[in-house]
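A.B. asks: Each chain, letter by letter, is given below.
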Amino acid sequence: MADGTIGLWTVPLAVFGGAIRVSTPFLFVSLGECITERSGRINLGLEGTLVMGAMSAYGISYLTGSPWLGVLAAGLAGSLLGALHAGICSLPRVNDIAVGIALMLFGTGLAFYLGKPLIEPTAPRLPAIDFGWWSDIAQVRAALRINVLFLIGVVLAPVLYWAFRTTRWGLLIRTAGESSDAARAMGYSVLAIRLKATMVGGFLAGIGGSFLSLFYPGSWNEGLSSGQGITAVALVIFARWDPMLCLWASLAFGGAAALGPALQSVGITSGYYLFNAAPYILTLAIMIITCSPKRTLTGAPAELSITR
Amino acid sequence: MTIDTADGVEAVGVAPAADPGFLQRHGTTIEYILIPGAALVGALAVFGVFVALFGKNPLDLYFYMYQGAFGTWFSWQNTLTRAAPLILTALCTALPAQLGMVIIGGEGALLIGALAATGAALALPSMPPLVVQLAMVCAGMIGGGLWIMLSGGLRQYRGVNETISSLLLVYIALAILNHLVEGVMRDPASLNKPSTREIGAANMIGSIPGTDVHWGLVFGLIAAVASYILIYHTVFGFAARVAGGNIRAAKIVGLGVGKLIMTICFLAGASAGLAGMVEVAAVQGRTNANLAAGYGFTGILVAFLARQNPLAIIPVAVLLGGISASGGLLQRRLGLPDASVQVLQGIIFAFVLASDALYGRIGFLKGKS
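Chains as they are written, first to last, in the numbering used here: chain V, 1 to 308; chain X, 309 to 677.
For the record, the hints were derived by calculation from the structure and aren't laboratory data. Just to be clear, a hint being listed does not mean it is correct.
[Stated by the list, open to error] Subject to a maximum C-alpha distance of 27 Å in a straight line, what follows is the list of computed DSS-like cross-link-like pairs (lysine-lysine):
| no. | chain 1 | residue 1 | chain 2 | residue 2 |
| --- | --- | --- | --- | --- |
| 1 | V | 294 | X | 567 |
| 2 | X | 364 | V | 294 |
| 3 | X | 364 | V | 116 |
| 4 | X | 501 | V | 116 |
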């Protein structure tokens, strides 16, 4: 240890560091989707929102020199896509899942279209806080370089948990998700609640995308997101629409996704692609274990089309 | 997804007669053509505005799109070559849709079908081409079929949402493909782009005589017509539509919903798997990451635009094949990024879904019922 090499300990350490780095987009997308789904609608288009957020953040950060303006732009782009989703879904007889697929196509296409000139230039990236200053070991320091967005996400999860339980807005969203009739009877417009919930969800998913392009991996290219958005949507189901469980699930997924690169870094390269698919396999396995054909999932908003 | 579609399709080519009852009698059919058509025009208009924002002339855009898709015999052949896998992958979404299921994993079944077909061809090195081709068709269809059947089974027996599971399976299929292509199935001679060994020129399925369009188009046409007959003219298809309309009613009259789901999902996946086989045996000649070209995802759009009707899938696939065929020309002549086709597809998709709200609301088409 004294010579600074830590041998096979690299793997768990890299998985730990990776869990924190890789989980941030999962965390933001799943928290956003949690809000949207609690209001009774599912937005499968967050994959497109994520990519669009990544592109807008990179572009704005490059043009203005401020990565935080990029994060804001990513959020705004995400909420615009969310508004589009909610707008189309508010028409009668429109299937929200299908609209999500359409926006997945549209969002990624638009991001690739607009982002074509952004592949070359380098944009200023988000800063990280060095929590590993006490250590001499390079790997430890690398694992503990934590981005502020992750910390914001970690704080956001309990805040949302609390907000769903106790605030007026949380109750309204849950009412719209459990029984649109009840919300209507109270004199609220269900469509308006869902519009706002989908826009906030899109805002958070866009921020998740900004993390991809502005921190890790930290560049803009067309292979940036490979299904993190859709995995995060599945993760919400696994997390039973509970923001705190979303946090833990995101960390677990981040760790799973970091496994492949971590093993590669110590020279285990066989099965690299299979390890890269670990988050998807894990999602599927968890859904198989936790779902049941006989009952709806506990905690599922009753108005949600995906659990019926 | 009503029964009216069945007799409606025959009326497609009929010119509107002066008969005053015509609009009323064929109102539903006309709606099925008019509304998606209007959605398509609306989407093209929005896309025109979109490119105009980037300083391109929309009229040039439409001209080159037409040129690239249907303008010359060469572009027609390009369009039809692209339409072939689209018909097959669209069936992967349209068949389960009869049961009310939204399967979006055609891309995964295509990849698994391609892998299975390639594996079959490489496992039979010195067989006559016809045997190898038959084995490839069977392997591709079984591989793809089992892949989507997995989603169907998870839905039926574990209650896992089929939309999400089928999409997750796309990423898993891609990982399996990359793993095998970089591992045991890798041709050591493929350095830059890891690929399997070639299936051999003799085993390629070749083109329809007189054209450059491969036989995959015929496979697609047969599959679409067979699916149409299955859904609208057999008891099995009727049972599927009953179950899709009302799952409880289906159970009450004693339909085996599980068996229906498994069979339909197998057929759906087999269709997409056949698309993978066709791409290997008619275009690529081997399996590599090039196969993940997005045919599976465009197929979803084709199915929705065709309102999940297997026969309507054929013209819609040609149309969407044309749009993607024109992408190259748009890139060269107008300097549009290659993603512009994807943007247009997304806009079309959104318009088509939004247009669902219009059915039964167009005043002059309302029947007297």
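A.B. asks: Going through the numbered hints above, which ones does this structure break? Give me the numbers in ascending order.
C.D. replies: 2
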